[in-house]
Every structure is written in structure tokens, then in C-alpha cells.
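Undergrad: Mapped onto our numbering, the consecutive letters of the sequence shown carry residue numbers 486 to 572.
Careful: at least some of the hints might be erroneous.
Label pairs and their calculated CB-CB ranges [said to hold, decoys possible]:
1. K566 / E496: 17 to 27 Å
2. S523 / P571: 27 to 37 Å
3. I570 / D527: 27 to 37 Å
4. P571 / D527: 36 to 46 Å
5. G538 / D494: 20 to 30 Å
6. T563 / D535: 15 to 25 Å
7. V488 / S542: 12 to 22 Å
8. L565 / K506: 12 to 22 Å
9. Y564 / N537: 12 to 22 Å
Simulated from the structure, these hints should not be mistaken for laboratory data.
Cβ atoms here follow ideal geometry from the backbone N, Cα and C, with glycine treated the same way.
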Amino acid sequence: MGVKKHLLDAEVKLPGGRMVKGPVTTSDDKTYYFKSQSGGSDFYLYLIKDENGWYESGGNEAEHPQEVVDQVGQQIDTYLKAQAIPG
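Whenever a hint applies, use it, and build me the whole structure from the sequences.
TA: This is the structure we're talking about:
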């Protein structure tokens, strides 16, 4: 594994309406890790993207709704597109 690279700070609305915020990092530009730093929250998520879109890493252990995965994935996509635009 390489060095963890901080990409952005994401904000996610969980089922039930609670908002969580935290950094998105990656060490291989394939798997992305979101960890909430909201008070008392133990929410985290590993994401991977393939040709079908974003999904939670961990196979059958996936425990978060797809809508939550998509929220983080869309923010990563927006960040990556902005980085790809020549300045």
C-alpha cells in the first residue's frame, strides 16, 4: 500500500436524516476510504468504482445502503473531474 492521499472532505446524509462529514482518502487510486469525523459517529465506508458505478468494498459484508455509497461516489467523481481539467 502506498501513502494515503487526502482527496476531499465529503458530506453524506444517512438514512434517518443524520449528516456525517469527513475526509476521503486513497492510497492506490482504486479504493477510496470515507471516515466520518462527526461527533460520536463511527461511520466509515470503503468504495470502489467499476464500469457499473460505485459500490462498497467488502463484497457480502457491505452494510450501507447504495444511496449512501452513491453520495460519496458522486463527490469523488466531481473531485476527480476537476483535477483532470488542465489548468
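Undergrad: Verify the CB-CB distance for P571 and D527 against the hinted window 36 to 46 Å.
TA: holds, 40 Å
Undergrad: Per the hint of 15 to 25 Å, is the separation of the Cβ atoms of T563 and D535 within bounds?
TA: holds, 18 Å
Undergrad: Could you see if the CB distance from G538 to D494 stays within 20 to 30 Å?
TA: holds, 22 Å
Undergrad: Please test the hint of 12 to 22 Å on the beta carbon pair from L565 and K506.
TA: For K506 against L565, whose Cβ atoms are near 19 Å apart, the range 12 to 22 Å holds.
Undergrad: Could one say that the CB atoms of I570 and D527 fall in the range 27 to 37 Å?
TA: At roughly 36 Å between Cβ atoms, D527 and I570 fall inside 27 to 37 Å, so the hint holds.
Undergrad: Between K566 and E496, does the C-beta distance stay in 17 to 27 Å?
TA: 18 Å Cβ-Cβ, so the 17 to 27 Å window holds.
Undergrad: Falls inside 27 to 37 Å, the C-beta gap from S523 to P571?
TA: Given about 35 Å between the Cβ atoms, the range holds.
Undergrad: Honestly, do V488 and S542 meet the 12 to 22 Å range at C-beta?
TA: holds, 19 Å
Undergrad: Could one say that the CB atoms of Y564 and N537 fall in the range 12 to 22 Å?
TA: holds, 20 Å
No hint from the list above goes unmet by this structure.
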